[in-house]
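Chemist: Going by our numbering, the first residue of the sequence shown is number 7, and it counts up by one from there.
If you are wondering where the hints come from, they were derived from the structure by calculation, not from laboratory data. Glycine included, each C-beta is placed from N, C-alpha and C at the ideal position. Any given hint could be a false lead.
Unchecked claim - List time: in silico SDA-like cross-link candidates among lysine to any residue, alpha-carbon distance up to 20 Å: (1) LYS172 <-> TRP221; (2) LYS132 <-> ARG66; (3) LYS76 <-> ARG63; (4) LYS132 <-> TRP221; (5) LYS172 <-> GLY56; (6) LYS76 <-> TRP64; (7) LYS172 <-> CYS112; (8) LYS76 <-> ARG66.
What the hints assert, rightly or not - Computed spacing ranges between beta-carbons, pair by pair: (9) SER80 <-> GLY138: 15 to 25 Å; (10) PHE253 <-> TRP221: 16 to 26 Å; (11) VAL258 <-> PHE65: 17 to 27 Å.
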Amino acid sequence: LSASKLELLGDDGRWHYMMLVPCSCITLLLLMLPSCEDSPVFLLQSHGEGRAAEALRWFRARATDEQIWKEVSSMQLELSLSACESVGLREVARDRRLWGPVLVGCGVNLSMQLSGIDAVLYYSTKVLQDAGIALEWAQVYTVLISLVNVLVTIPAMMLMDKAGRKVIQSLGLGGMCVAYLIMTTALVTGQHLVAVGAMFGVVCCFAFGPGCIAWFIVAELTPVHARGFATTVGLGSNWLANFLVAFAFPHVLAALHAWTFGIFAVTTLLLTVFTLTCLPETQGRSVAEISDFFAPAAVLVTPAAARLSSPPVSPKLSRSDSWHSETSTAASTAVSAGLFTPLLSCE
Numbered sequence: 007l008s009a010s011k012l013e014l015l016g017d018d019g020r021w022h023y024m025m026l027v028p029c030s031c032i033t034l035l036l037l038m039l040p041s042c043e044d045s046p047v048f049l050l051q052s053h054g055e056g057r058a059a060e061a062l063r064w065f066r067a068r069a070t071d072e073q074i075w076k077e078v079s080s081m082q083l084e085l086s087l088s089a090c091e092s093v094g095l096r097e098v099a100r101d102r103r104l105w106g107p108v109l110v111g112c113g114v115n116l117s118m119q120l121s122g123i124d125a126v127l128y129y130s131t132k133v134l135q136d137a138g139i140a141l142e143w144a145q146v147y148t149v150l151i152s153l154v155n156v157l158v159t160i161p162a163m164m165l166m167d168k169a170g171r172k173v174i175q176s177l178g179l180g181g182m183c184v185a186y187l188i189m190t191t192a193l194v195t196g197q198h199l200v201a202v203g204a205m206f207g208v209v210c211c212f213a214f215g216p217g218c219i220a221w222f223i224v225a226e227l228t229p230v231h232a233r234g235f236a237t238t239v240g241l242g243s244n245w246l247a248n249f250l251v252a253f254a255f256p257h258v259l260a261a262l263h264a265w266t267f268g269i270f271a272v273t274t275l276l277l278t279v280f281t282l283t284c285l286p287e288t289q290g291r292s293v294a295e296i297s298d299f300f301a302p303a304a305v306l307v308t309p310a311a312a313r314l315s316s317p318p319v320s321p322k323l324s325r326s327d328s329w330h331s332e333t334s335t336a337a338s339t340a341v342s343a344g345l346f347t348p349l350l351s352c353e
């Protein structure tokens, strides 16, 4: 809207009308929000499984009753992992299976900002001007970059459930690293069109990977009783890093000029290694399986030893349908095998 060459709202007499755009979006959100269902987990805790099933049917219109009740059973089982409804810093710090996912979730959220995407989106016009492109065309390129960021997110959302979160995140960060190397080389050698193309590549790889994964990965890594704390810490670190990158980048650009984006080539390389090393695949895995990824080796006992040392513990499931009974049986077996030992005891 602010690009002067597009002749929309980018002049001295109409620029303030741009404020109506976010205002309209917020108004639309406020009008639509009351028609949305509450969280199924919240409804399960406060109103019971019948109400939770209704909410799930609203979110998953194409799901069968069997799939709905299987998911309700899964939520019941997840809630049974702890006697607490929520935890704080002290409780998280005492259990590696809680602080491990919190730290990795923070790392994934930090990767979203330390990948340098804000530097590209916020300062792309200035960078392109410094590369010798006229202001009017630099603004047009910035508009196109933002449009690409939105459009590439659509196929990424469709692929992440097939390829997996870890694969998408790794490919996105790795692609950004390569694009930053090309972009830095092009800026140093004065190949402006190549630099613009590489900038589009950075945005495409970001939208394909870190731009999608960071927003929900914390919820998939942590059990429900630690999810509120973990999400708060993860998204808080995300926005703090957003501020720091946006604040520091103009000073770094003034000091390094064309070499500036070489820094982000290094950070994205390190973040790719972090993703491959520390982030477990969450697609298709239960909370118990993910928590075992972070558990110390001494905690992971063999199934035979677990059966001898501890009796089966049945989760609190009340529905007697066949699929629900199967889930209950599987849960009891998993508990007896040491897979669903409580993550936290509230004393």
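Chemist: Against each hint, give a clear statement of whether it holds in the structure.
Modeler: Hints, verified against the model:
| no. | hint | result |
| --- | --- | --- |
| 1 | LYS172 <-> TRP221 | holds (14 Å) |
| 2 | LYS132 <-> ARG66 | violated (45 Å) |
| 3 | LYS76 <-> ARG63 | holds (12 Å) |
| 4 | LYS132 <-> TRP221 | violated (28 Å) |
| 5 | LYS172 <-> GLY56 | violated (34 Å) |
| 6 | LYS76 <-> TRP64 | holds (16 Å) |
| 7 | LYS172 <-> CYS112 | holds (15 Å) |
| 8 | LYS76 <-> ARG66 | holds (13 Å) |
| 9 | SER80 <-> GLY138: 15 to 25 Å | violated (57 Å) |
| 10 | PHE253 <-> TRP221: 16 to 26 Å | holds (23 Å) |
| 11 | VAL258 <-> PHE65: 17 to 27 Å | violated (43 Å) |
The structure fails hints 2, 4, 5, 9, 11 (numbered hints given earlier, in ascending order).
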